[in-house]
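All chains should be built: construct the whole structure from the sequences, respecting the hints.
Those protein sequence lines, which keep their order, are chains L and W.
The C-terminal residue of the first sequence carries number 481 in our numbering, and the numbering is unbroken.
The C-terminal residue of the second sequence carries number 293 in our numbering, and the numbering is unbroken.
To be clear, the hints were calculated from the coordinates, so they are not data collected in a lab.
Every residue, glycine too, gets a C-beta built ideally from N, C-alpha and C.
Some hints here could point you the wrong way.
[Claimed, not checked] List of simulated lysine-lysine pairs, DSS-like, C-alpha gap at most 25 Å:
| no. | chain 1 | residue 1 | chain 2 | residue 2 |
| --- | --- | --- | --- | --- |
| 1 | W | K152 | W | K91 |
| 2 | L | K425 | W | K216 |
| 3 | W | K249 | W | K262 |
| 4 | W | K235 | W | K249 |
| 5 | W | K34 | W | K276 |
| 6 | W | K2 | L | K293 |
[What the hints assert, rightly or not] Examples of chain L residues toward chain W, derived with CB under 7 Å:
| no. | residue |
| --- | --- |
| 7 | P50 |
| 8 | D51 |
| 9 | P66 |
| 10 | F173 |
| 11 | A174 |
| 12 | L177 |
| 13 | P196 |
| 14 | R197 |
| 15 | P202 |
| 16 | I203 |
| 17 | F252 |
| 18 | W256 |
| 19 | G262 |
| 20 | P264 |
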Amino acid sequence: MNPTENKTSCESEINASLRVPLLALFGGAAVWLVVGLVLGLIAGIKFHAPDFLGGCPLMTYGRVAPAANDAVLYGFCIPAALGVALWIFARLSQNPLALPLVPVVAANLWHLGVFIGTAGILFGASTGHVWLEYPRPAAVLLFAAFLLIAISAAATFGWRTEQTLYPSHWFLFAALLWFPWIYSTANLLLNSNQVPRGVVQPIIDWWFANNLVFIWLALMGIGTAFYFLPKIAGRPLASSGYVLFGFLTLIFFGTWCGIPQGAPVPAWLPTLSSVAATLTLVPLLAILIVTVKTTCGSSVSCLGGPFCFVKFGMMCFIASGILYASAAWPQYSRVLEFTWFGVAQTQLQLLGFTAMILFGAIYQLLPEVMGKPLPLPKFARLHFFLTILGVLLFVVPLVIGGVVQGGKLADTSVAFADANAAVLKFLRISTTGQLLVLLGALLFAVNIFIMTIQWKIGVARTVIAYIKSPLETVETSEVKS
Amino acid sequence: MKTGVSVFIAAFVALGASWCGFVLAPLLQLGGAKQTVILQSTDNWPLQRTGDATLGLQIYRANGCAACHTEQVRQTGVACEVTLTGLGVHKPDDFIDFAKSLFVLPELADFTNAITANLKGWTGELPRTLLTCDDKSLADEMGDRLKAVGIKSETRIVATGPDITRGWGFRQSVAADYLYDQPVQLGSLRAGPDLANIGVRAPDANWQLQHLYAPKSVTPNSTMPSFKFLFEVRKIGAAPSPDALNLPKEFAAADGYEIVAKPEAKQLAAYLLSLKANAPLYEAPFTPVTAAK
Numbered sequence: 001m002n003p004t005e006n007k008t009s010c011e012s013e014i015n016a017s018l019r020v021p022l023l024a025l026f027g028g029a030a031v032w033l034v035v036g037l038v039l040g041l042i043a044g045i046k047f048h049a050p051d052f053l054g055g056c057p058l059m060t061y062g063r064v065a066p067a068a069n070d071a072v073l074y075g076f077c078i079p080a081a082l083g084v085a086l087w088i089f090a091r092l093s094q095n096p097l098a099l100p101l102v103p104v105v106a107a108n109l110w111h112l113g114v115f116i117g118t119a120g121i122l123f124g125a126s127t128g129h130v131w132l133e134y135p136r137p138a139a140v141l142l143f144a145a146f147l148l149i150a151i152s153a154a155a156t157f158g159w160r161t162e163q164t165l166y167p168s169h170w171f172l173f174a175a176l177l178w179f180p181w182i183y184s185t186a187n188l189l190l191n192s193n194q195v196p197r198g199v200v201q202p203i204i205d206w207w208f209a210n211n212l213v214f215i216w217l218a219l220m221g222i223g224t225a226f227y228f229l230p231k232i233a234g235r236p237l238a239s240s241g242y243v244l245f246g247f248l249t250l251i252f253f254g255t256w257c258g259i260p261q262g263a264p265v266p267a268w269l270p271t272l273s274s275v276a277a278t279l280t281l282v283p284l285l286a287i288l289i290v291t292v293k294t295t296c297g298s299s300v301s302c303l304g305g306p307f308c309f310v311k312f313g314m315m316c317f318i319a320s321g322i323l324y325a326s327a328a329w330p331q332y333s334r335v336l337e338f339t340w341f342g343v344a345q346t347q348l349q350l351l352g353f354t355a356m357i358l359f360g361a362i363y364q365l366l367p368e369v370m371g372k373p374l375p376l377p378k379f380a381r382l383h384f385f386l387t388i389l390g391v392l393l394f395v396v397p398l399v400i401g402g403v404v405q406g407g408k409l410a411d412t413s414v415a416f417a418d419a420n421a422a423v424l425k426f427l428r429i430s431t432t433g434q435l436l437v438l439l440g441a442l443l444f445a446v447n448i449f450i451m452t453i454q455w456k457i458g459v460a461r462t463v464i465a466y467i468k469s470p471l472e473t474v475e476t477s478e479v480k481s
Numbered sequence: 001m002k003t004g005v006s007v008f009i010a011a012f013v014a015l016g017a018s019w020c021g022f023v024l025a026p027l028l029q030l031g032g033a034k035q036t037v038i039l040q041s042t043d044n045w046p047l048q049r050t051g052d053a054t055l056g057l058q059i060y061r062a063n064g065c066a067a068c069h070t071e072q073v074r075q076t077g078v079a080c081e082v083t084l085t086g087l088g089v090h091k092p093d094d095f096i097d098f099a100k101s102l103f104v105l106p107e108l109a110d111f112t113n114a115i116t117a118n119l120k121g122w123t124g125e126l127p128r129t130l131l132t133c134d135d136k137s138l139a140d141e142m143g144d145r146l147k148a149v150g151i152k153s154e155t156r157i158v159a160t161g162p163d164i165t166r167g168w169g170f171r172q173s174v175a176a177d178y179l180y181d182q183p184v185q186l187g188s189l190r191a192g193p194d195l196a197n198i199g200v201r202a203p204d205a206n207w208q209l210q211h212l213y214a215p216k217s218v219t220p221n222s223t224m225p226s227f228k229f230l231f232e233v234r235k236i237g238a239a240p241s242p243d244a245l246n247l248p249k250e251f252a253a254a255d256g257y258e259i260v261a262k263p264e265a266k267q268l269a270a271y272l273l274s275l276k277a278n279a280p281l282y283e284a285p286f287t288p289v290t291a292a293k
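Structure (structure tokens):
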């Protein structure tokens, strides 16, 4: 994104400062991704064999399904996005990460929070609010950890040597402000002792979920993509006017989406959301134009490389946004609400868009940060093909299944059980897709772990060498004296 | 966007605006909501749940039932329905021809058509719907004409829509229904049927318990998982427990054992029975069916 970015001696210093924080964030994220996808697969299998692991209360569908979603979002997407954002901040500022110890502590707090939250859901301590299921202790840890990382990122930016502000900055900055605001609002109102009465709870929850799953992930994902696409393509980001327009319209319109059309709330709320969702097509178009103009005609050949990951992620973002907007139109919502269509959109946003862009970014930046190539580059390539196939097999049948289910539910001559049974064959294909995504995630995790272990062995060697070396110098100096 | 401050301000204004709209405004509008009064009655709505049902809501939350079940009925509109409640001196056999003879004028052809369609295959059971229309004055006119010749009918307001036709509720769910839910669990996916009115649809606690223990024993092609862990298998003591589930043979415990609901299962069943959407409210009117009988 930044052709003037001077690759001088400070580069190795930047990479060195990021090594430990990024390994801490990405290592935990890789574990949670695998855990989340395994839980998701268990939840998926339950539709084919309802009594699979049925005797165990921890593994009942209503606990496993939200635990799986939260593990992918809170366990993988957010920490991985924060790690990538720290790297982008340091690179664009052209100075090392400020307070490098803070994100290391934060990463561990974050992953501890996700652990407590996941265990909490599985043991029945979920709050019952969608995307806000983590019980109070986990929420406190996540909030504190996010603040610490945001402080480190802001300090890195504040002490920058390169003064220019890039489009990636806008998106990532906004995301740093976004999360503490929405997470504290939602938790203080819904996860405290004095909870507002009645439907105010789901309204606040929908506001939070929209701002986290749609807007926050979009800010992080697009901010990352708009850094890596031009950087890998080797040319500047196209039409910065469109980028600014897309950014502003996304945050001004997108934040008003999220209230379902059939919700039992005062009618002005879903109406506003419907209008906002339609207007959100405007930033989608702007972002699509920028992405196409930046990538098309570039001479990058990248069979399964980071460039492909990021491009596929952006395509999924556009698709996910269109699905999101179309489900908010009253005439479609009447059919699509309460079907698998919504699940498909969420999974496309999480796995197709955010996770893909983060995979690409991590595959691109981790070798630079660690100063050595990926241990298993073929795994990364295989990961790409497995994931695109997996995401398509996961999401497309659910979209079609959702439309079929909605049509059958709206037709009262079809019994409910028959409408439900009609979806099962679609669910079967989508469970296969889940399995492929999981296999891809395992390949990703293997790469990350080998890198971590290599680094740990390297550190151990340095330490041993350090312990040995002073003795020698002392001995020699004694001889000299 | 040349400086960090301008980005911060833009983001702050954008998120702040939606915070005011979707957090602050609903809190001000609905945060102080109180009970309302049921239409044409002095009873309050909704009622506070009993202790067991309140505990049951927490079982519902802990097991994530809302992952597959919604608690929200939608309606697409309202209609007026003229329901036949008494034939006076007429017999079912000659009623259809008599009714048609009442509406021979060309402008009343709609009435004749509706009666012909609605009374197809009718064998005389009451009440029976004669006319469904959007216009209250039309329904009233038909009612008046029937009354003039000694036929009893009632004009009812009914909610319409697929959810209503499926019998999931009498009217749409409205904000007032969730006053005492903590947390409110509307659900977003109907992998299972809607539960907003399950307390009216399946009012038998034993049916609920049996369905929780072995869903397939009551609805053969159910995809609901069994909630066996809310039940215990006990050796039958001196006499079988009166609480033991009465299951079909293929689902029952081994000989000498019985399956008894733990308190959690009973609380969950009590909560399910407390879910009712059968009170006409100002914002969701309908004429209760019981009045037609």
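Hint check:
{"no.": "1", "hint": "W:K152 / W:K91", "result": "holds, 13 Å"}
{"no.": "2", "hint": "L:K425 / W:K216", "result": "holds, 20 Å"}
{"no.": "3", "hint": "W:K249 / W:K262", "result": "holds, 21 Å"}
{"no.": "4", "hint": "W:K235 / W:K249", "result": "holds, 17 Å"}
{"no.": "5", "hint": "W:K34 / W:K276", "result": "holds, 18 Å"}
{"no.": "6", "hint": "W:K2 / L:K293", "result": "holds, 23 Å"}
{"no.": "7", "hint": "P50", "result": "holds, 4 Å"}
{"no.": "8", "hint": "D51", "result": "holds, 6 Å"}
{"no.": "9", "hint": "P66", "result": "holds, 6 Å"}
{"no.": "10", "hint": "F173", "result": "holds, 5 Å"}
{"no.": "11", "hint": "A174", "result": "holds, 4 Å"}
{"no.": "12", "hint": "L177", "result": "holds, 5 Å"}
{"no.": "13", "hint": "P196", "result": "holds, 5 Å"}
{"no.": "14", "hint": "R197", "result": "holds, 6 Å"}
{"no.": "15", "hint": "P202", "result": "holds, 5 Å"}
{"no.": "16", "hint": "I203", "result": "holds, 5 Å"}
{"no.": "17", "hint": "F252", "result": "holds, 5 Å"}
{"no.": "18", "hint": "W256", "result": "holds, 5 Å"}
{"no.": "19", "hint": "G262", "result": "holds, 4 Å"}
{"no.": "20", "hint": "P264", "result": "holds, 4 Å"}
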